[in-house]
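Peer 1: Chains as they are written, first to last, in my numbering: chain D, 1 to 256; chain Y, 1 to 410; chain S, 1 to 650.
Quick caveat, the hints were computed from the structure, so don't treat them as lab data.
Some hints could be false.
[Claimed, not checked] In silico EDC-like links for lysine to aspartate or glutamate, alpha-carbon gap of 20 Å or less:
#: 1; chain 1: D; residue 1: Lys-204; chain 2: Y; residue 2: Asp-362
#: 2; chain 1: D; residue 1: Lys-231; chain 2: Y; residue 2: Asp-374
#: 3; chain 1: Y; residue 1: Lys-377; chain 2: S; residue 2: Asp-384
#: 4; chain 1: S; residue 1: Lys-394; chain 2: S; residue 2: Asp-428
#: 5; chain 1: Y; residue 1: Lys-363; chain 2: D; residue 2: Glu-240
#: 6; chain 1: D; residue 1: Lys-231; chain 2: Y; residue 2: Asp-298
#: 7; chain 1: D; residue 1: Lys-247; chain 2: Y; residue 2: Glu-399
#: 8; chain 1: D; residue 1: Lys-247; chain 2: Y; residue 2: Asp-380
#: 9; chain 1: D; residue 1: Lys-234; chain 2: Y; residue 2: Asp-380
#: 10; chain 1: D; residue 1: Lys-231; chain 2: Y; residue 2: Asp-380
#: 11; chain 1: Y; residue 1: Lys-297; chain 2: S; residue 2: Glu-612
#: 12; chain 1: S; residue 1: Lys-423; chain 2: S; residue 2: Asp-384
#: 13; chain 1: Y; residue 1: Lys-363; chain 2: D; residue 2: Glu-252
[As the list claims (entries may be wrong)] Covered stretches of chain D, as calculated for chain S (at least 3 residues, CB under 8 Å):
#: 14; stretch: 56–62
#: 15; stretch: 86–94
#: 16; stretch: 170–176
All C-beta atoms, glycine included, are put in the ideal place defined by N, C-alpha and C.
Single-letter residue listing:
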Amino acid sequence: MSTKVISLVSIGAHPSSGRTRRAEQDARAVELGLQLAGEHLQVVHAGDHREEALRAYLGMGLDHLDVLEQPAGADVLGVLGDYLRDAGAQLVLTGSQAETGEGSGMLPFLLAEQLGWPLIVGLAEVESIDNGTAQVLQALPRGQRRRLKVRLPLLATVDNAAPTPRQSAFGPARRGVLAAQDVAVVDDELLADAQLQPARPRPKRLKVIKAKSGADRMKAATAKASGGGGKVMKDVTAQEGADAIVKLLVEEGVLR
Amino acid sequence: MSDLIRRDPRVEWIARNRLHPLHAAMQTQQTSWMGPNGLMRKNTHAIAAGFMGPNGIKRIDRSGAQQGTAAGGRRSAAAEVQLPLHQVVDPAFYIAVVPDMVGGRLGAHDKDLLGLAHSLAGKDGAVLAIVFGEHKESAFDTAGVDRLLVIEGDAYKGYAPEQLVQGLRAVDNQFAPRHWLLPDSRAGGGELGRRLAAAMGERPATRVWQVKDEECIGRAGAGQQDLHRPLARLILASSECADPVSDTRHEALPVELSAPVARSLSRIEDLGSVAVDPAAIAMAEAEFIVSGGNGIKDWDLYHKATAALGATEGASRVAVDDGHMPRNRQVGATGTWVTARVYMAVGISGAIQHLQGIGACDKVIAVNMDPGCDMIKRADLSIIGDSTAILQALIEAVENFRSGGQRDAA
Amino acid sequence: MLNTLLPILLFTALALAVLGALRRVRMWRRGRPSKVNLIGGLLAMPRRYLVDLHHVVERDKYMSNTHVATAGGFVLSAALAILVHGFGLQNKILGYALLVATVIMFSGAIFVFKRRLNPPSRLSKGPWMRLPKSLLVFAASFFIATLPVAGILPANTGGWVMVAVLGLGVLWGVSELFFGMTWGGPMKHAFAGALHLAWHRRSERFGGGRSTGLKPLDLEDPKAPLGVEKPADFTWNQLLGFDACVQCGKCEAMCPAFAAGQPLNPKKLIQDMVVGLAGGTDAKFAGSPYPGKPIGEHGGHPHQPIVNGLVDAETLWSCTTCRACVEECPMMIEHVDAIVDMRRHLTLEKGATPNKGAEVLDNLIATDNPGGFNPGGRMNWAADLNLKLLSEVKSTEVLFWVGDGAFDMRNQRTLRAFVKVLKASGVDFAVLGLEERDSGDVARRLGDEATFQLLAKRNIQTLGKYAFKRIVTCDPHSFHVLKNEYGALGGEYLVQHHSTYIAELIAQNKLNLGQHKGGSVTYHDPCYLGRYNGEYEAPRDVLKALGIEVREMERSGFRSRCCGGGGGAPITDIPGKQRIPDMRMDDIRSTEAEVVAVGCPQCTAMLEGVVEPRPLIKDLAELVADVLLEEPAPAAAKAPAAKREPAEVH
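With the rest of the complex left out, here is chain D (with noise of 0.2 Å):
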């Protein structure tokens, strides 16, 4: 296939430890791009080269990645939107928000604005690229997909929808280059004002009971009284059994 591709990367952080690595969504945002465009791909991050998190991208087959130069707490929007149109990409791949940071979710949305191209979001699979249009499917919530038809060159998020990203071998990481490029570097005022501080539990919410007549306070009451948890049904039919089960799941709303 002869479309430009480029996958924007970003360093990730995992979920339990926080120790850095290759950003999960970022990374199926390769996996797309190695799939549509094969050795082609064109990888993209701003930030600093001496980051080895970027290998674990390098580790997916890649023989380089294009590093724009960013101190932390830049604004990467401006440098990328030149990079993306001096590099004359067609389709754009990145991952739905940043596991560091702000983690907005921003960035795909401000760079097609700047660019003036269109955006799919939770792009799942490329099904054609021909005569400047892809054809494609974005996921849905539950696993539902949606068939678009959209006008290139395309920016486009993926999710946890698009395919698994391949394992990273150690072997081309380390043989892959990490090319620096100096660019420009535009300040982000946004932490001036704000901080970031360690994730505190959001409390889960109770449930209130504003019951609007005293029979449906003692019957709220009542209710929480007896549904302590482990209710254990022995010796009913399977008919009782059933009912008890489909009554729970219409309370959890799963069964629709």
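We have chain D already, so just place chains Y and S on it with the hints.
Peer 2: Just chains Y and S now, with coordinates in the frame of chain D:
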């Protein structure tokens, strides 16, 4: 259940007939009794509470003769209590909310968002809900919508995010809302909100889970950090960001756009949805999993049951080892760690590795022959019995529920 | 007549044999260099053959005696025949000696022949069915041809017919035994085997030693190859080792993956390597195929990739690295090394670790444990135990290496039991706590040498900060890696498995033990404790001290069957006809024991994965902790920890 009030002559008769063996059971509220000093006592509250007559008019019957109808339990939907009306006659400002309207109705996430909007609007501001296309919602008033703007037109049908943004920009021009609130969901709000932010040049606060004291807190990065920042104009909020409105009724006055919305030249063409096999949904993402284990004898029936329930299939290690299920369906420490809201284990006794793998599940249902097995200790609901019979009954129960549910909706 | 014919035949065969030998040597030299003491090895060879190798062969008395007679007779007759018939030294004494030698060889060959009448399935057929006949013909021909030399028969007995018959016999005999030895016939094993013993890649194995640790890859040199892609990527002495295979199939008979119907047969694998080293297809292989993979569809060349030409990847990933094949091999071939070498290429270069392999490796890199658990939760299992941390005490008598079982609820019971035992013994011990990382065992067996070395180096660095006398662990895999594989990276420690240490504590009377009351017990030897480290006695001593008479399984000790949990096999999860732990459980059931004692978290997990009803699975530490008699004084302190134990189950 129907809200129609129906009389039950038999119950009324029993309530009147003090000699009837069931008479006492019908007297739920004792209105008069003998006090400790031999004095007759009357519960005037109970009497004054009265009951709803057949024509919907409140009746007070001091004789006690009519108590039976109230006690019959037939009137489950007690009189709808009228909540106080929250009126904003001349809004000082607007808080714009764009609910997801999944299935044409306000979802839980939308209602949370409206709750947040209501708290931001205070007394003077008005919550403006913007809905695209047709909807089936009838309870905008109790959900906290002061003004309702329905933008209709063929251009908004299907997947047309760019056109929606045009519509919202028109709203922005006309109403200049103080805040824009969208659900940060995969159902559309997350995408639309970001598109709007990019188009308006606003920096949104994303994944916001708390708004307090002119500060909003949102999750950042991979969820290990929170971003605290001053209240942004555009807020993409997570579900449970605030409590939904529950104490007030709102006007939900319809408003209209004064100028027609510019048509955007569509660069994205929607070719419609594609059928997806429910069983192919990734296990870790599934919210409802029915897992089969060693106790399942009829695997065809199991597959039928999961299809009927619309559940994602899972399996215990043994079921996978025995070749009944593919390896990628294995749940547990050595298989996939699942996060389903409801996890139903059929014929799985619950090895430690399996229980570890379902640790994050909210509700666990166990179907098993052995009442002493570990899965039942973990489960919120356990049915002791033969899996084949229960699965069979379950398929029927679901079919009943579905047909019943549809009748209700119609 | 014979006097002219025999020398011609003998020397032609010998000359051809030398040519063949040179050709074979050239094939081996396609392999990568390997540091070997060439002369010293050759000098040590006879002893290695007669002592070390004999110990292995001796396990099968029948075959041992047969081989001694046949091979001894052959070597003697060949040498004498060259003297007598080749150089014409028609000395009567030499003649008699040759007669005796051929008789010995003949009688040995008869037993070989008998064995081949109804051969077990593990033996290769094909040319190997011909070998006993060739041996018989060789021995008989030279016997008859030597009778005149010894003066028993007059010269020229039988006339031309006799000459023709003997000529043919000798021709057959020397073709098979001299010429065939170096040109790929069954007798190749003698030639290659002798050199293989001389230049074995693990010379430590000879003279009663043990060498089981995998050899490290050089990761510093960016040009050094990462594992083995093509046959020529093996070291030359590995290639030589493959050539030494006698296709006796003892490995096949012991291989748990083969028995489970997974597509692995160690014998076929080695023969495939021989095919690869010489070039060709496996069509001529006359033994059992890889289960489910027909013969004749694979072929290779020294410079072609092995995987998906010669061998399928799933064959390599079926191995549990239990070392049963290596233990059984009478030629001391190193199957596991070869498999891991090829896995290294797949993982490090191709990124092709199957199934959950990639995820596990990613987890090891990101969280230092294969499950991807938050590393901060590593000590949660011991939250109420008040264990001393080395980072606080700096030095200790015993460093208790916890292992990744710390994240596994089942294994936490074992760990808590062992802590109870340690506390009861009153020894000074401490743990690394959050500083501990995965030992790197799984990463290494999955071929990810880079991650192994990363983990190992960091662990070595951590260990280097503290003073301790010894490391004790409940996990034979960590035990093996710490003891045998960290050395090459600069970490030398005294490491003990908890069974060994408990046995020591018992011997020193540091534990006040009661008697076991929980029914009959059998013991399952973990591969990484037994075959890898030769510890068979300590666990049994411990059980004995508890008053347990172990009901031994048929396959126990060095013949113990793997539980299926080693080598990352549960992660790569190659399907077979049945599961290895189910087979092992059948072994256990046949002893009718009610409890099976184990000493490895992997074995525990695999055996407990067998569907009930089955015997109870208990770690040695649990069995010991169960019968600990609490002494009056420290009992108060220990009681709460012991009591809370059941709560840990869920």
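Peer 1: Compare the structure with each hint and give your call.
Peer 2: Quick rundown of the hints versus the structure:
Restraint check: the Cα-Cα separation between Lys-204 of chain D and Asp-362 of chain Y comes to about 12 Å, which is no more than 20 Å; the hinted pair holds. Note on Lys-231 of chain D and Asp-374 of chain Y: the hinted pairing holds, with a Cα-Cα distance of about 14 Å set against a maximum of 20 Å. For the hint linking Lys-377 of chain Y to Asp-384 of chain S, the alpha-carbon distance of about 24 Å lies beyond 20 Å, and the restraint is violated. For a cut-off of 20 Å, the pair hint linking Lys-394 of chain S to Asp-428 of chain S stands: about 12 Å separates their Cα positions.
Taken as a hint, the Lys-363 of chain Y and Glu-240 of chain D pair is honoured in the structure, with Cα atoms around 19 Å apart against an allowance of 20 Å. With a C-alpha separation of about 26 Å, the suggested pair Lys-231 of chain D and Asp-298 of chain Y falls outside the 20 Å cut-off, and the hint is violated. Proposed proximity of Lys-247 of chain D and Glu-399 of chain Y is supported: the alpha carbons are some 13 Å apart, at most 20 Å. Distance check on the hinted pair: Lys-247 of chain D and Asp-380 of chain Y sit about 13 Å apart at the alpha-carbon level, within 20 Å; holds.
A hinted pair counts as satisfied when its Cα atoms are at most 20 Å apart, and Lys-234 of chain D with Asp-380 of chain Y qualifies at roughly 14 Å. Note on Lys-231 of chain D and Asp-380 of chain Y: the hinted pairing holds, with a Cα-Cα distance of about 6 Å set against a maximum of 20 Å. With a C-alpha separation of about 17 Å, the suggested pairing of Lys-297 of chain Y with Glu-612 of chain S holds against the 20 Å cut-off. Restraint check: the Cα-Cα separation between Lys-423 of chain S and Asp-384 of chain S comes to about 14 Å, which is no more than 20 Å; the hinted pair holds.
The hinted pair formed by Lys-363 of chain Y and Glu-252 of chain D meets the criterion: a straight-line CA distance of about 8 Å does not exceed 20 Å. Here the stretch 56–62 of chain D counts 3 residues with a CB under 8 Å from a CB of chain S, which clears the bar of 3, and the coverage holds. Note: the stretch 86–94 of chain D has 0 residues with beta-carbon separation from chain S under 8 Å; the three-residue rule is not met and the coverage is violated. Residues of the stretch 170–176 of chain D with a Cβ under 8 Å from some Cβ of chain S number 5, which satisfies the need for three, so the listed coverage holds.
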